[in-house]
Amino acid sequence: MTVRRTTLGGHTHEFRSLTEVLAKATPARSGDVLAGVAAESQAQRVAAQHVLADVPLATFLTEPVVGYDEDDVTRLILDTHDPAAFAPVSALTVGEFRDWLLARAAERDEAAISGLARGLTPEMAAAVSKVMRNADLVAVARRTRVVTGLRSTLGLPGRLASRLQPNHPTDDAVGVTAAILDGLLHGSGDAVIGINPATDSPAQTIALLELVDAVISRYEIPTQSCVLAHVTTTLRALEAGAPVDLVFQSVAGTQAGNRGFGVTLDLLAEARAGALELRRGTVGDNVTYFETGQGSALSADAHHGVDGPVDQQTLECRAYGVARHFDPLLVNTVVGFIGPEYLYDGKQVIRAGLEDHFCGKLLGLPMGVDVCYTNHTDVDGDDTDVLTLLLGAAGCSFVIAVPGSDDVMLHYQSLSFTDVLTARSVLDLRPAPEFEAWLTTMDLLDDAGHVRELTPEAPAARALLAAARP
Amino acid sequence: MTDVQGQDRDFGPSDDPWAVLRDATRARVALGRAGDGLPTSRELEFRAAHAAARDAVHTALDPDRVRTALTEAGVGLDVLEVHSQAPDRTTYLQRPDLGRRLAPDTRLPGGTHDLALVLADGLSPRAVHEHAAGTVAAVLARLPGWSVAPLVLAHQARVALGDPVGEALGAGIVVVLVGERPGLSSADSLGLYLTHGPRPGRADSERNCISNVRPPHGLGYAQAADTLAGLLQASRQLGASGVVLKDEGTTLPPGAG
Chain V
1 MTVRRTTLGG HTHEFRSLTE VLAKATPARS GDVLAGVAAE SQAQRVAAQH VLADVPLATF
61 LTEPVVGYDE DDVTRLILDT HDPAAFAPVS ALTVGEFRDW LLARAAERDE AAISGLARGL
121 TPEMAAAVSK VMRNADLVAV ARRTRVVTGL RSTLGLPGRL ASRLQPNHPT DDAVGVTAAI
181 LDGLLHGSGD AVIGINPATD SPAQTIALLE LVDAVISRYE IPTQSCVLAH VTTTLRALEA
241 GAPVDLVFQS VAGTQAGNRG FGVTLDLLAE ARAGALELRR GTVGDNVTYF ETGQGSALSA
301 DAHHGVDGPV DQQTLECRAY GVARHFDPLL VNTVVGFIGP EYLYDGKQVI RAGLEDHFCG
361 KLLGLPMGVD VCYTNHTDVD GDDTDVLTLL LGAAGCSFVI AVPGSDDVML HYQSLSFTDV
421 LTARSVLDLR PAPEFEAWLT TMDLLDDAGH VRELTPEAPA ARALLAAARP
Chain Y
1001 MTDVQGQDRD FGPSDDPWAV LRDATRARVA LGRAGDGLPT SRELEFRAAH AAARDAVHTA
1061 LDPDRVRTAL TEAGVGLDVL EVHSQAPDRT TYLQRPDLGR RLAPDTRLPG GTHDLALVLA
1121 DGLSPRAVHE HAAGTVAAVL ARLPGWSVAP LVLAHQARVA LGDPVGEALG AGIVVVLVGE
1181 RPGLSSADSL GLYLTHGPRP GRADSERNCI SNVRPPHGLG YAQAADTLAG LLQASRQLGA
1241 SGVVLKDEGT TLPPGAG
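Chains V and Y are the protein sequences, given in the same order.
For what it's worth, the numbering used here labels the leading residue of the first sequence as 1, then goes sequentially.
For what it's worth, the numbering used here labels the leading residue of the second sequence as 1001, then goes sequentially.
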């Protein structure tokens, strides 16, 4: 444990460990207050940022915040670190690394930034993000390229994909189908058609997988399906021969957090291998999908490190260290879902969404965001508009969209299909190329490439609506 | 027309082909468009539902209103009031740990009771205003011979506040009737959480939950009380609650504590 100190405005601030520096340097959020690790004053926060800016990046390779012997996520991170990829920035401090990233972003040197991924640890990404402003996070993420594919290609420049989330409180087949069709008619679904099942049973999961597979096959849609059941349920579905495109799992940044989710790294590897064997891809072979969110480790009392509790954003980055090991097609943070005790208001949610997107991309993940909120947070549509447009500018791979912003199963608000249309239109972004071609085939795009507002008599509408008739 | 909770939406004439989608789900499908956005009417409809949910979270628990409703429902038990360690709504929302602990000056009469009922504002005081009295009356009617402690009305309370309350009252079992997190179309849902042998430190896995008490759209009082009475009898016989009773009810959903 190294004590670090700095003098700011005549007052000396002292920090007992790297863990404390990281926590106190974090922009304000309720979860760090709840965990008892937040800065006690604005001055202390900035002092910690000063100290953090002077920490050499290489320090994070020798001073793990969560112990190597007791935590398999730390072992995964350090054992798979790539020194060659790290070489271009290995002599830099955190502050110098921020300057380096901003310079490469200004030069539009995507190769230099994107090439670092396997040489960076999650703690390095978290650290640099803590000394970056929102616009820095947007500017660098925009020049960080991560392209993945299965039956559509995601992460290309000038594209914004969406996960169509057709949840239904009872997994009713007709209800789910209606929401899928509504999304397709709005040009959503190029990242995935992904359902959160109401009950986590193998039979229900298989029924939903077959339902979405039938819609995708019937209209020959270049996208993939996912039922976001627990990985053990998906393994059962795989054994039963169900059409599994993607293996889904929520993951956390500590071994204890993953235990709370009922998963191990071995289990994730086994499920990925099972899905790969099915060879269901046409343009790529990324067959996993992970969700994360700041606060998940704390909520499971799994946020402890070698020098005390670790801040929630550093732990979130460590979850990305887990996800990237399994070559995912999709990763998204569910940024406003977990509640006001972790992210209290629109300012905190917007900041966290931009941090998560930036850090995920920097670490090599195909990063998307569920831009969302619950009714007990101080967040509304104006806040989600701001975050969505910033994410669009930052080159976010995908966002999540539900009918009319209202998830009638999970009881929270995400983006609506029209929010995706607005972001694409304002920022001149297009759907995934294969999906865009399909939309053209279905006569769903006008000459300018925008999704048409259809009358029910339009051929595409008639064709798609036929699927919803009982 | 639309009510503020987004219920009973009028989707227009039945020969509208989009009705195929609308009839299939409560989800907000086929809303139409204004350019790349939503038509004004749909946008305002959504805002009204969100406003109702937000207001339900931030409404203060009104003890007089609950007392009056209890009297009208024929509930004759004494009513006591307690506060958690969260002094206000803003703190309550950010510090669930404080909402689980009793304020330091709390005094409750000790005794020996089969059951204590705690009416907790939770995330929707409105749910307590509207559904607590009816639920309590229906539950008590199903428990002849049970000794029931004075009712406790709890301000800025989480489910786990029932643990120190039940322990102080000397109750064998505590049931917390708590306002659930409002959804866009359900701002007034009451949840019932049963814990055998209440004391601080009980885990969520040691509780059983009945959710969405909210007639006429959700569970009715009689139906909820039937289920709860069954769980109470089973819990008393077994001397436990939670996953061991799982077949007869449901355990605590994540994040509810």
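Quick caveat, the hints were computed from the structure, so don't treat them as lab data.
We put the CB at the ideal spot given by N, CA and C, even for glycine.
Hints are not guaranteed to be accurate.
Stated by the list, open to error - Here's a subset of chain Y near chain V, in silico, CB distances under 7 Å, partners left out:
(1) R1026
(2) D1036
(3) G1037
(4) L1038
(5) P1039
(6) A1060
(7) L1093
(8) L1098
(9) G1183
(10) G1220
(11) Q1223
Worksheet item: Hint check: is the beta carbon of Y/A1060 less than 7 Å from a beta carbon of chain V?
Response: violated, 15 Å
Discussion item. The hint names Y/G1037 as touching chain V; please verify it with the least Cβ-Cβ distance against 7 Å.
Written reply: Where the cut-off is 7 Å and the nearest Cβ of chain V is about 5 Å from Y/G1037, the hint holds.
Discussion item. Under 7 Å is the threshold here; is the Cβ of Y/G1183 close enough to any Cβ of chain V for the hint to stand?
Written reply: holds, 4 Å
Worksheet item: Can Y/Q1223 be said to touch chain V, with a Cβ gap under 7 Å?
Response: violated, 18 Å
Worksheet entry | Restraint outcome when Y/P1039 is required to lie within 7 Å of chain V by C-beta distance | Result: violated, 10 Å to nearest chain V Cβ.
Worksheet item: Can Y/L1098 be said to touch chain V, with a Cβ gap under 7 Å?
Response: Nearest chain V Cβ about 10 Å off; hint violated.
Worksheet item: With a cut-off of 7 Å, does the beta carbon of Y/L1093 approach a beta carbon of chain V closely enough for the hint to hold?
Response: Check passed: Cβ of Y/L1093 comes within 4 Å of chain V, closer than 7 Å.
Practice prompt. Return the status of the interface hint for Y/L1038: holds when the least beta-carbon distance to chain V is below 7 Å, violated otherwise.
Written response: Holds - the Cβ of Y/L1038 comes within 7 Å of chain V, reaching about 5 Å at its closest.
Worksheet item: If you take the shortest Cβ to Cβ gap from Y/G1220 to chain V, is it below 7 Å?
Response: With a closest approach of 18 Å, the Y/G1220 hint is violated.
Discussion item. Y/D1036 was flagged as interface toward chain V. Is the shortest Cβ-Cβ separation under 7 Å?
Written reply: holds, 4 Å
Fill in: Proposed interface contact between Y/R1026 and chain V, which counts if any beta carbon pair is under 7 Å
Cβ of Y/R1026 sits 5 Å from chain V, so the hint holds.
In this structure, the hints that do not hold are numbers 5, 6, 8, 10 and 11, in rising order.
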